[in-house]
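> Note that the protein sequences, when read in sequence, are chains A and B. Just so you know, the first sequence maps onto residues 1 to 433 in full-length UniProt numbering. Just so you know, the second sequence maps onto residues 1 to 433 in full-length UniProt numbering.
Bear in mind the hints are in silico, worked out from the structure with no lab data behind them. In this text, all values refer to a predicted model and were calculated from it rather than measured experimentally. Honestly, I wouldn't trust all of these hints.
Copies of one chain are not kept apart here, so a pair can be met inside one copy or by any two copies together.
Restricting the straight-line Cα-Cα distance to at most 25 Å, the calculated cross-link-like pairs of lysine-lysine (DSS-like) are [stated by the list, open to error]: (1) 31 / 217; (2) 254 / 24; (3) 370 / 20; (4) 254 / 342; (5) 72 / 45; (6) 407 / 45; (7) 31 / 225; (8) 72 / 122; (9) 24 / 173; (10) 45 / 98; (11) 225 / 122; (12) 45 / 330; (13) 254 / 217; (14) 32 / 45; (15) 364 / 410; (16) 122 / 45; (17) 45 / 410.
2 protein chains.
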Amino acid sequence: MDSINIAVLGAGTVGGGTIKLLNKQLSFFQKKLGLPLRLAYVAEKNTFALEEISLPADTTVVEDAEIALRAKDVHIVVELIGGTGIARELVRTALEEKKHVVTANKALIAHHGPELFSLAEKQGVSLYFEASVGGGMPTIKTIREALVGNEILSVTSIINGTCNYILSEMTEKGADFNNTLREAQRLGYAEADPTLDIEGGDTGHKNAIMASLLLGKYVSYDDMKIEGIKGLTAEDIAFAGRLGYVIKLVGIIKKRAGEKCIDARVHPVMLSNDHILANVSDVLNAVLFEGDAVGPVMVYGPGAGEMPTASAVVSDIVDVARNIMAQDEKRIPMGYYTEANKATITDDAEIESRYYLRFTVNNKPGVLGKIADTLATHGISIASVMQEENEVSIVSIVILTFTATEKNVKDALQEIEASEEVEAYTQLIRIED
Amino acid sequence: MDSINIAVLGAGTVGGGTIKLLNKQLSFFQKKLGLPLRLAYVAEKNTFALEEISLPADTTVVEDAEIALRAKDVHIVVELIGGTGIARELVRTALEEKKHVVTANKALIAHHGPELFSLAEKQGVSLYFEASVGGGMPTIKTIREALVGNEILSVTSIINGTCNYILSEMTEKGADFNNTLREAQRLGYAEADPTLDIEGGDTGHKNAIMASLLLGKYVSYDDMKIEGIKGLTAEDIAFAGRLGYVIKLVGIIKKRAGEKCIDARVHPVMLSNDHILANVSDVLNAVLFEGDAVGPVMVYGPGAGEMPTASAVVSDIVDVARNIMAQDEKRIPMGYYTEANKATITDDAEIESRYYLRFTVNNKPGVLGKIADTLATHGISIASVMQEENEVSIVSIVILTFTATEKNVKDALQEIEASEEVEAYTQLIRIED
Numbered sequence: 001m002d003s004i005n006i007a008v009l010g011a012g013t014v015g016g017g018t019i020k021l022l023n024k025q026l027s028f029f030q031k032k033l034g035l036p037l038r039l040a041y042v043a044e045k046n047t048f049a050l051e052e053i054s055l056p057a058d059t060t061v062v063e064d065a066e067i068a069l070r071a072k073d074v075h076i077v078v079e080l081i082g083g084t085g086i087a088r089e090l091v092r093t094a095l096e097e098k099k100h101v102v103t104a105n106k107a108l109i110a111h112h113g114p115e116l117f118s119l120a121e122k123q124g125v126s127l128y129f130e131a132s133v134g135g136g137m138p139t140i141k142t143i144r145e146a147l148v149g150n151e152i153l154s155v156t157s158i159i160n161g162t163c164n165y166i167l168s169e170m171t172e173k174g175a176d177f178n179n180t181l182r183e184a185q186r187l188g189y190a191e192a193d194p195t196l197d198i199e200g201g202d203t204g205h206k207n208a209i210m211a212s213l214l215l216g217k218y219v220s221y222d223d224m225k226i227e228g229i230k231g232l233t234a235e236d237i238a239f240a241g242r243l244g245y246v247i248k249l250v251g252i253i254k255k256r257a258g259e260k261c262i263d264a265r266v267h268p269v270m271l272s273n274d275h276i277l278a279n280v281s282d283v284l285n286a287v288l289f290e291g292d293a294v295g296p297v298m299v300y301g302p303g304a305g306e307m308p309t310a311s312a313v314v315s316d317i318v319d320v321a322r323n324i325m326a327q328d329e330k331r332i333p334m335g336y337y338t339e340a341n342k343a344t345i346t347d348d349a350e351i352e353s354r355y356y357l358r359f360t361v362n363n364k365p366g367v368l369g370k371i372a373d374t375l376a377t378h379g380i381s382i383a384s385v386m387q388e389e390n391e392v393s394i395v396s397i398v399i400l401t402f403t404a405t406e407k408n409v410k411d412a413l414q415e416i417e418a419s420e421e422v423e424a425y426t427q428l429i430r431i432e433d
Numbered sequence: 001m002d003s004i005n006i007a008v009l010g011a012g013t014v015g016g017g018t019i020k021l022l023n024k025q026l027s028f029f030q031k032k033l034g035l036p037l038r039l040a041y042v043a044e045k046n047t048f049a050l051e052e053i054s055l056p057a058d059t060t061v062v063e064d065a066e067i068a069l070r071a072k073d074v075h076i077v078v079e080l081i082g083g084t085g086i087a088r089e090l091v092r093t094a095l096e097e098k099k100h101v102v103t104a105n106k107a108l109i110a111h112h113g114p115e116l117f118s119l120a121e122k123q124g125v126s127l128y129f130e131a132s133v134g135g136g137m138p139t140i141k142t143i144r145e146a147l148v149g150n151e152i153l154s155v156t157s158i159i160n161g162t163c164n165y166i167l168s169e170m171t172e173k174g175a176d177f178n179n180t181l182r183e184a185q186r187l188g189y190a191e192a193d194p195t196l197d198i199e200g201g202d203t204g205h206k207n208a209i210m211a212s213l214l215l216g217k218y219v220s221y222d223d224m225k226i227e228g229i230k231g232l233t234a235e236d237i238a239f240a241g242r243l244g245y246v247i248k249l250v251g252i253i254k255k256r257a258g259e260k261c262i263d264a265r266v267h268p269v270m271l272s273n274d275h276i277l278a279n280v281s282d283v284l285n286a287v288l289f290e291g292d293a294v295g296p297v298m299v300y301g302p303g304a305g306e307m308p309t310a311s312a313v314v315s316d317i318v319d320v321a322r323n324i325m326a327q328d329e330k331r332i333p334m335g336y337y338t339e340a341n342k343a344t345i346t347d348d349a350e351i352e353s354r355y356y357l358r359f360t361v362n363n364k365p366g367v368l369g370k371i372a373d374t375l376a377t378h379g380i381s382i383a384s385v386m387q388e389e390n391e392v393s394i395v396s397i398v399i400l401t402f403t404a405t406e407k408n409v410k411d412a413l414q415e416i417e418a419s420e421e422v423e424a425y426t427q428l429i430r431i432e433d
């Protein structure tokens, strides 16, 4: 083969980083790895974006991505446009044209993976997506290759830098959510529209992708319970700190041997200060795998950003190029990732956890007793209670429970919240041990 | 291909784990990954070792490893005997017979890698060795695949569980080295002959292997500076703790852009308590990579043990099987790992570091001044000093320096130690920031 030709679609942040990294590494790939990679096309509507980026002399720049991905000599199409609109159409077309595809697009894989993997299998090409989860950290490769000898029993992950930054700042400075978000936006750690990050959607996309790989079935994002961090207050973070915990937004995946469904969800949790994930702060990410043979293995690093994400995209390009050299498009089968093979997610009600409950109540005699009684009638044991001496009329009572089912806890809360002494909804945070 | 036939040589701890894991996963590999793997042979002289392990019905047990590795239908030979004697002969023979080889043997790769990789290249087969560094954590795969788009600028690693356990215990309990070693031996965390672990050889083997992959040249174990942990005292660990540091045995690899040599060494270091590796305790391992694109990426997990190591061996077997299915024996070229392509290691004298120096001196006026003067004449600046009020005649003075070259520090120490007020050799520990 004379050369393996790459078309990069999109020269924004990640696209620009990928082009720079390819340009720098192409000669290493050729000379040391024997991979004759060539950046044949860059497709970008905003030609201004390309002014800062130097391109190899033999790279063609086009505004119309279709020209690049339909070009006869292109072997690998790298989709770095983002979103699920035009990106989905272009990836579909590329696969129909029998091009291998590399993408960093988590929303695309989480929402349209079944359609795209099916199409790739049918066309005999690969769709690689390492950069879609955890930026530069190897997560997809760890699940599909490094831990392939294991049944992976659980994954607990901090995979959204924006939320982790906000929660780290709130913890460190005792600041409230809204001010911290605004500061994060000012510093460029949060988008102008932060919805996808702070409401947990981005973590959800990544969690759904990893859960699918773990189970060997399609775990649908839409079926997964997702809670973001908007409801977390400085008060909760302070209480957690005094109890020896930090609050993190995590993706949780748990698989029980013999069970056909998978427990996959996204929500804030309290982690004990000595939990390995408790010290993962600021914009950094970490994914903790528990394999039945290997035990706990964690990868840690920058989960986003121009060059970290480009690093993962380029590692996929090299993997796909190695597959092309070997005519080995079936190296990592993805045929299970279909609508027809959709996984059942464990019902929320059946989740078992320890809980942090913060009740907002009238400062009257007997209120704590009533709450404790109601919890007891629902079979929920109390591990510890914190109520502070206070002159004000409305106070917080914090209760940590022993392990209980979510159903029992929700039932108890409904009963407690119906009482006239209770002034607001109860804050509920699950404790992950 | 009807089946890909595996011969496992050695059914000790890792061999036994590998056989168990293969036996459990073979049907998954066949059905889900399309890899028709079969455990064709197990070679083990001590038949007693096999009594506890259930084998597939079609596995042949032999006492003579040569029978297994010469068998016509065997494709992958898995060497889990250890050491560099018989294991080397068997791996050579297997490669000569054009069998792919998977090994967990770090000493073999570090000492005889050049001979074995050359032979493998010549014969058109692969030699895989993920389990040789970091047990179940993906380290080789991370360097060769996940970070292939990066120039990896440094690797700092805690990769010997025995040393990490001993140092963690000494730190936690204030205990001395010899008692802690004996306790570690009693608990099975240290061998009866602990030399290879505590003198840094095991860390050295792993560090030499990683350094070779980083540089794309053969970094010889024999050329590398290696210091173990025998000389560390409870006093040093206590001083470090009060200064906000922990002491760890690490492998260090640093590559400077444009330089032809590599800084590769093994010795104890002081790590600030907020260093990401400072909290890696007990028998756990971690490897921190710094890539020019990705930035810092760390993998963390169990670096040894039956099933974690088996997990890495099995991931290699799957990789090699995927290569065999694709007739892709050149997927990861190792042709650079030769004696002819041997790397130059940075001269010790040129190392730059901050230093912890503990002087043992007569408790007389003027001694500290003399030491400080001598350091100054060698261009070494003092960052902090700790000397405690004490009635005894011989005392410790601890000095932390700013960055200095090893040559200047060693010259200064030689001069200081020649003085009659100095009662013992100076303890020197490098500080890694």
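> Hint by hint, where does the structure go against what was stated? Just the numbers, ascending.
3, 6, 7, 9, 11, 12, 14, 16, 17
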